[in-house]
Structure formats: structure tokens, C-alpha cells
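Peer 1: All residue numbers for the sequence shown refer to the working numbering, where the first residue is 71 and numbers rise by one.
Please note: incorrect hints may appear among the correct ones.
Heads up, simulated DMTMM-like pairs for lysine to aspartate or glutamate below, C-alpha to C-alpha not over 25 Å straight-line [as the list claims (entries may be wrong)]:
1) Lys646 <-> Glu595
2) Lys544 <-> Asp526
3) Lys286 <-> Glu229
No lab work stands behind these hints: they were computed from the structure.
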Amino acid sequence: MGDAQTQTFTSPDGLRVAVHGCGHGVLNAIYAAVAISCKERGWDTVDLLIIGGDFQAVRNAADLSVMSCPVKYRTIGDFHEYYSGSRTAPYLTIFAGGNHEAASHSWELFYGGWVAPNIYYLGPANVVRLGPLRIAALGGIWAGYDYRKPHHERLPFSESNIKSFYHVREMDVRKLLQIRTQVDIGLSHDWPRAVERHGDEGALFRKKPFLRDESKAGTLGNPAATYVMDRLRPAYWFASHMHCKFAALKVYTDEPPTEDDGVEAHKIDHGPVAQAKDLTAEASAPTIENPDEIDLDMDDNDDAAGAGAAAAASTSTNGETAAAKDVVSENTSNGKVVNPDAIDLDLDDDEAQDTAPGAPGGQPEEDGEGKAKPLSTEKATNENNTTTTAASSFISQDIRNQLPASFAPPPQQAPTESRAKRTPGQPVPEGITNKEVRFLALSKCLPGHDFLQLCDISPLDRSSTGSSNDTPPKYRLEYDPEWLAITRVFASELIIGDSNATATTDLGEEHYKPLIQAERTWVEENIVAKDKLAIPENFVITAPPHIPGQPEGVPEQPDEYTNPQTSAFCELLGVKNLWNATDEERLERKNQGPPPDQGGFRGGRGGGSGGGRGGRGGFGGRGRGGRGGQGGGGRGRGFRGGHGGRGRY
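Assemble the whole structure, with the sequences as input and the hints as a guide.
Peer 2: So, in C-alpha cells, the structure goes:
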């Protein structure tokens, strides 16, 4: 593997960072776009490129077979050129997982790892360091019915496995919510729930009209990402997924988050009773409409533009692609370069409007199927139940005692901090002091899309800047000591590849705090003191790389591999490598075939009565209603339903 050190080109206390939205397998075009933008900005290069998911680290055609994407849109992309070594990333590149990924490749690197020289996957959850900057990431998208399940997917995958693979898990969120010190950058693929309320909602809804109803219903975005953002409060939070640019500024006070902030839209209780209720509802999970399944783009010109971008990437001249030139023009106004760090917010107009119109007092909670209850219905239900509830209180204890034991209420437990109902991750510990998070979502690399931002980022904690020399130091990507300690604590609770297993119960921050402190001591003695924080440059090829000219579509799924990077990480931390298996074990699993499929998702986001989006319809995109609702002529954009035609993922 080549030299993954990054020479800083800015002041010694900060880094030059390029942020990109969804990757979608066009690395050549992305790197060319960064080069053009750097030239316009007067930079030689950047220290770091962050890609917000849908990276598509596809090594070969077999990887494509387990990437969640309509078959006709599965393309090999150009990542395999970097994987095979025929090209090398020009600077350190890191990315979070999205909902269009080569799941077989991601599976090998659960704790994170190099997918190619100089390109690092952050796993489903992670915290890493690059010089003075501390970066946290949460991969995947929201699906409430999978939230408390373990990572049960393992090759060979069923169709439902391919989709559930990228659904956010509570265990990964739980780990991030144990962080007690300041982070500089947060990254997620999906938007944090209700973040649109802290930016120009009107402009967003004009670009993406279908998001208006979701925002009003309180179902736009990922509540787990909100928990993490509200806990870590980094200076910047980057996301993608919606294929549009959107900026927001979330300002925190000393008051705890309320429902107005969208934090408790799902009323997710991490206690044992709530988790038991979740398990009873899982049988119907496959037919639940997941409103966060944004699998197909709705842009009219995406088919032609996508082909154009691919052609430009393969026939670029002097590193300039059509997409790259488009970025330059978008960052230029009247012949002058516009500052790409400027996050356009009209704070005077929008800062005080933290709740969506018509939703005073917060957002509706969701029912057992992940759908939002209308506020008016919820209110009426509460009012109608008042009399019934009061009457039920007059049932005598003698009558209650005659009921079977199963009817008895659960025993009351003392409201300890670990069991008291509160927003996950709250209150924020003293070590996290930042009060303002600048949120920025970006699109994908296509002409006419806002997909790239250059940023000069300094750490919130200036004491972490290290050397005061005039010569900028060379930085290597490093493990984060606090995250390593958290990883050791939770390693024994991880469950991989068992569809019948139940995830462990969240025992509360106060339970984990002393355990993490003890493991932090272990990390200091065994890793920090021994100078082992630098992430080793130990990329190796596991699956065979694609050879141009070979078929890009094959019926068989990829083989499972033990990635030496994961083995080395587990050895470093002294934890069990759950991703290892013998050849005989893997052959047996392969011969057994995929587990029974749980069925497909039915559309999503029903369009209501006429004219609306009719649910995320068929594989094509602009379907007729799909199974998600009565939208009649709405734009379907999901799996399993509708009459597809022109959608893009």
C-alpha cells in the first residue's frame, strides 16, 4: 500500500477538506472535480476527501449481485481500478456507508478498513482522528423495524438481507452515544431527523416537494442520527442521501432537547420493555413501508446526465470532466469564485422557527408500522380515551387478582438513571462543549447538481493541534482511544450472522461509564503507550478485481472472505474476530443457500388522495402509485411495486 500520509496545505491547526455527497461509483469524476475546484480556490490539493455514502466499493461483478439497486442500474463503476492498483487515490479519502453499497465488501470491514490504498471505509459506526481533527460517522439509513436487531446478515444473502444490511442498528448508535469528549466532524448518509427545521425549508421543499409532507409528519430523516448529532455536537455535520444541497445551523442551549427539536419523534425507548415490544412486531416487518428508502432519483434528466458523467469520466482530458467543469461554474459568480465555505442561511428569518408549521409542541409519534400518526387524530384519540381510562381505574383489586398472571403489569422498578425515560445520549457530558452544528447535505456527481464543498476546518479543541512549527506536519489516519475503549466494552455483545438472535439490552450510560473508563486504561497501556494508534496501511486484495471486458452481471453471489485488516484490528484490541470462518464452514453456508426471504418492502410514502407521490413504486422510478398509497399518478420510487420506467438510484 502506498504512503497514506497526508501533507497539510493549510495552517498547522487545521486541514483542507473536500466534502462530497453520494459517490455512486464514479471516483474518477469525483477526483477530477476536486482538482478543478482546488484550482479555482487557489489550493494545490486537499488533505482529506469525505464522501457521504453510496460509495459503491464494487470489486467485481459478484459484488454487484448483493448491492441494493435495481438490476438494470447495476454498473461496475470505476472503483475496481483503485482496488486493483491500476489507479491510486490522490489523497486520503474516507466514506460512510449508504444504502447502495457492495454489502459483501463492507461486511469484511465491520470495524472499518482500507477498501483500496488511501481509501478508508468507516464501518457502520466509528470515530477516527486525522491530525487535530476528530471525525465520527454513522452509516446506513433508518428503518425502525430493524433498529434493535443484531447484524444478522451473512453471505449468502436473501433479498431482504441485501436491504436490511444497511439499516441502522441500535447497538452501533449506543456505542456512539457513549462518547464523552468533543468531536469536530460528524458524518451520516441519512439526514438527522428534523434537521430541515434549522435551515431554509421553503427552498428545500421547492427543490424536493415530496419532502414537505414528510417533514410535517415528522418522518423526514433518521432519528438515530439526530441522537448522535445532539450528543456529539460537532462543528460540522455532513450528509447526503436526498440528492440535493441543503444547509442548516442547529444551535443548542443548556436546556435538554424537546419534541420540538424532532429528537423524540419516534419515542424510542431503549429499555427492556420497549425492546420486547419490538420483537413482537418483527413478524410483519418486511411489509412495512420504510419512508427512508430513497433508492431511485427523481430528476428528469438523470438518465442522460448519468450516461454523460460516465462517458466524461472515462474520456477526460487533462483530468477535467464535464462534472468537474460543472462544479467550477457552480462555485463561480460573475467571474469571481464564490467562497464554498459560506453556508447560506438566513438566520434572521429561520433561526427561531425550529418546528414545522402546523406542528406546535413537536412531531407525531409513529405507530407500530413506522408510520406517523396525524397530530389531529392523535389528539382526538387522547381526548376520546380520557373517559375510558378514568373508568378503568375503578376496577377493584379483587377482580384484578382473578386474572391470569400474564395480565399483570410488569413490576415497577426504581427510576434509576439507566432506566429513566429520557432522550438517548442526553444529557450531554461536560467534555462536549460546542453549541452550534453546521449541517450540510450534498448531492451526487452529476452536471447541475451541488455535490462538492471545499472547507478549511480547524479543531474545536485548539489544544489538540500539536506542533507549533511553521512547517505543516504530515498526518496519518489514526484510531481514536476513546472509541477503542468503547469498542472493547461492546465487543462481547456483538452478534453477527444469526437471524434468530436478539440484540442485548441497553443498560444505560451509567452502567457503561466505569467499564469504558477501565478499558480506556487498557488502551492507554497497550496501544497509546506502544505507539500503535496509527491505522496500519495494510490493505490487501481479498476478492478478485474486475477485469475490463468481463461480464458486469453474474447470477452468483460473491464468496465470503476473512479480511486480514479485521483480523489485525481484533488482535490489536484483544477481541474475538466474528468475521472469520474456516473454508469448510463457508462452503456449508454456501451450499445451504440464502436464508428464507422475508418478502419485499411495499412501496413507501403513500401519496394520499390523488395527485401525490404514490409510494416508492417499481424498480423504474416514475411509477403509478406503487403499493404505497392511492396516489394515482404519483411518482413511485421504491422496490417491489408500481410501474417503473425512468428512475435513477
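Peer 1: So, for every hint listed, does it hold in this structure?
Peer 2: The hints, checked one at a time:
Pair hint Lys646 plus Glu595 holds up; C-alpha atoms about 20 Å apart against a cutoff of 25 Å. Under the criterion of a C-alpha separation no larger than 25 Å, the hint pairing Lys544 with Asp526 is consistent with the structure, at around 17 Å. For the proposed pair Lys286 and Glu229, the alpha carbon gap of about 32 Å is over 25 Å, so the pair is violated.
In summary, the structure is inconsistent with hint 3 from the numbered list given earlier, while agreeing with all the others.
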